[in-house]
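Put together the whole structure using the sequences plus the hints.
Residue strings, one per chain:
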Amino acid sequence: MTPSRKERQGRLASRAVQATFLIVLIVLWYLATTRWRVSPLLLPNPVTVLHNFWDILRTGEFIGDLRVTLTELAAAFAIAATSGVTVGYLISRSQYRIRVFEPLFAGIYSIPIILFLPLYVLFFGLGPASKIALGATISFFPIALNTIAGFGYVDKTFVVAARSMGASDYQLFRHVLMPAALPIILSGMRIGFTVALLSIIGSETIASLAGLGHRIVHLAEGMEIARMFAYIVFVVFIAMILNTCVSVLEARGKRF
Amino acid sequence: MTAGTVAIRIRGVSHQFGEEGDARHVRALRDTSLDITRGELLCLIGPSGCGKSTLLNVVGGLMAPTTGTVEVFDQKVAGPMPRDIAFVFQENALFPWNTVFENVNLGMVFQGVPRAEREARAHRSLEAVGLKDFAQHYPGQLSGGMRQRAALARALSLETGILLMDEPFGALDEQTRMILGEDLSVLLSRTDKTIVFVTHSLGEATFLADRVAVFSARPGTIKQIIHVDEPHPRKPDFVTSPKFTAIRNELYGLLHDEIRKTIADTGVAAAGPAR
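The listed protein sequences correspond, in order, to chains A and B. According to the numbering used here, the first sequence is numbered sequentially starting from 7. According to the numbering used here, the second sequence is numbered sequentially starting from 180.
You may find that some hints are simply not true.
Quick look at which bits of chain A chain B covers, simulated, 3 or more residues with Cβ under 8 Å [as the list claims (entries may be wrong)]:
#	segment
1	175 to 185
2	202 to 214
Straight-line Cα separation of at most 30 Å, DSS-like style, residue types lysine-lysine; simulated pairs [unchecked claim]:
#	chain 1	residue 1	chain 2	residue 2
3	B	Lys255	B	Lys311
4	A	Lys162	B	Lys311
5	B	Lys440	B	Lys402
6	B	Lys402	B	Lys372
7	B	Lys440	B	Lys255
8	B	Lys311	A	Lys260
9	B	Lys255	B	Lys422
10	B	Lys414	A	Lys162
11	B	Lys414	B	Lys311
12	B	Lys372	B	Lys414
13	A	Lys260	A	Lys12
14	B	Lys372	A	Lys162
Some chain A residues judged to face chain B by a derived CB distance under 8 Å, without partners named [claimed, not checked]:
#	residue
15	Ser89
16	Arg169
17	Met171
18	Gly172
FYI, nobody ran anything at the bench for these hints, they're computed from the structure. Each residue gets a CB set at the ideal place from its N, CA and C atoms; glycine is no exception.
Below is the structure:
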């Protein structure tokens with residue numbers, strides 16, 4: 007569907023408001039560091055941050071940490087997606103299992119699993135393994151829960167109609183259950199991806215040897231505040247790019 | 180097989196949901212027997228919950244009866260029979276993630292039609308229901324009436340001897356269902372399909388059926404069978420003929436007491452006013 011002119015104008019207007027909001031924030035930031043003399047140890051000048059940001063990009067010093075964080079994220083998400091969809095599907099095949107496991111998973115999902123980070127570090131060490139394990143654990147629950155919802159609540163009419171036309175078990179899965187569940191599973195994967203990213207960068211700031219979160223805390227401890235801010239801006243951009251990619255993939259899988 | 184032979188033989192079919200003594204125990208259908216002749220259109224009509232949809236599902240092999248047997252073309256029904264029986268459901272039975280064409284095609288994939296035949300059959304059946312220009316639309320882009328035409332096209336493409344229709348126009352407005360009824364009558368006069376059609380509408384039953392089986396209140400069984408002696412395709416002016424009115428009134432008389440009983444039993448106006 008192509009949006010009408012009115013819709014396009016409305017969208018443009020809200021974009022303009024969003025941009026203005028960000029610009030105002032940056033101007034306030036600039037004024038705070040120049041006019042209102044906030045200490046550069048607390049809030050560095052945005053222009054200095056920008057210089058640092060270009061420097062990070064130009065020298066490519068971010069590559070090592072970025073690689074560590076992205077590898078952790080990819081491994082954690084791969085584990086969570088595979089196990090979440092498999093476990094979710096197996097649970098969804100029986101009403102009894104749905105009754106048992108759905109509230110259980112929802113309950114576990116609602117507690118802040120990051121509290122168990124010390125345990126993960128004890129088990130898996132300070133390196134990437136503990137980040138992968140934690141990220142996979144946290145990301146598993148939304149994916150499994152949405153898979154249960156996707157497969158467990160397919161409209162019965164679809165199943166009966168397919169069976170009446172002679173669909174085999176495989177055909178039922180391939181042509182009815184899968185397409186019915188896919189949009190909901192994709193939403194779960196998007197949520198799972200976001201929480202994996204958050205928990206991995208978060209746990210890197212708490213206990214780690216490398217990664218973007220580690221770098222940010224390291225700079226803070228070394229009082230290189232402007233550079234730390236530059237890295238935060240960098241992480242924000244990376245997160246924005248990743249989330250946009252995931253949303254685009256999700257929208258592609260959902261078209262009908 | 181020649182015309183006049185039995186396509187569907189229903190013998191002593193009863194059905195109950197749940198076990199006796201269970202809170203959700205319902206006796207839906209009791210000791211129903213009926214022969215449905217090849218090529219005829221039989222309407223099942225009765226108060227809500229009288230078991231007419233249950234009977235349809237039992238005939239189609241979607242539900243095993245508690246007692247009794249059903250034979251279709253002299254074969255005992257023990258499960259879905261996709262080569263002999265196609266269904267049209269009330270609504271929402273088209274897959275929303277597939278286009279109209281893909282929906283029709285997929286039914287034939289399930290049924291096991293060779294790839295080479297599928298496309299031609301899909302086009303033929305879409306043409307027959309007047310949807311050939313909408314083959315690439317998704318169900319969500321169509322009106323309720325067009326969606327039911329598409330569901331009918333899917334059932335026709337399966338080229339089964341029997342078509343079971345469970346209130347196919349039940350969710351549509353009166354005008355749309357009148358037009359669809361007329362089109363259905365034209366369409367079916369060209370085939371020799373045996374059709375069982377569940378409806379709430381007295382007018383629809385009178386207009387479409389060769390015979391109307393009137394059900395009693397729950398647990399339902401066939402109370403009486405009314406013949407509608409009028410050749411297909413039926414013209415719109417059949418509706419205004421004295422014959423139509425007489426049959427419709429007769430049906431109304433038969434149903435009225437049963438609907439009253441249903442309402443008295445359940446305490447709710449489960450069945451709307453008879454049309």
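If you take the shortest Cβ to Cβ gap from A/Met171 to chain B, is it below 8 Å?
-> Because about 4 Å separates A/Met171 from the closest Cβ in chain B, which is inside the 8 Å limit, the hint holds.
Assertion that chain B covers the segment 175 to 185 of chain A - criterion: three or more residues, beta-carbon distance below 8 Å = holds (count 4)
Decide if the proposed pair is consistent with the structure: B/Lys440 and B/Lys255, CA atoms, cutoff 30 Å inclusive.
-> 34 Å, violated
Under the criterion that the straight-line Cα-Cα distance not exceed 30 Å, is the pair B/Lys440, B/Lys402 satisfied?
-> 14 Å, holds
Is the Cα-Cα distance between B/Lys372 and B/Lys414 30 Å or less?
-> This hinted pair holds, its Cα atoms lying about 20 Å apart.
Does the structure keep B/Lys255 and B/Lys311 at a Cα separation of 30 Å or less?
-> 37 Å, violated
For the pair we were handed, B/Lys311 and A/Lys260, check the Cα-Cα distance against 30 Å.
-> 26 Å, holds
Regarding the hint that A/Ser89 lies at the interface with chain B, is the smallest CB-CB distance below 8 Å?
-> Result: violated, 26 Å to nearest chain B Cβ.
CA of B/Lys402 to CA of B/Lys372, is that 30 Å or under?
-> 25 Å, holds
Is the shortest C-beta separation between A/Gly172 and chain B less than 8 Å?
-> 3 Å, holds
Agreement of B/Lys414 and A/Lys162 with the hint, judged by alpha carbon distance not exceeding 30 Å | 37 Å, violated
Check of the segment 202 to 214 of chain A against chain B for coverage (Cβ-Cβ below 8 Å, three residues minimum) = violated (count 0)
Hints 2, 3, 7, 9, 10 and 15, counting from the list given before, are not met by this structure.
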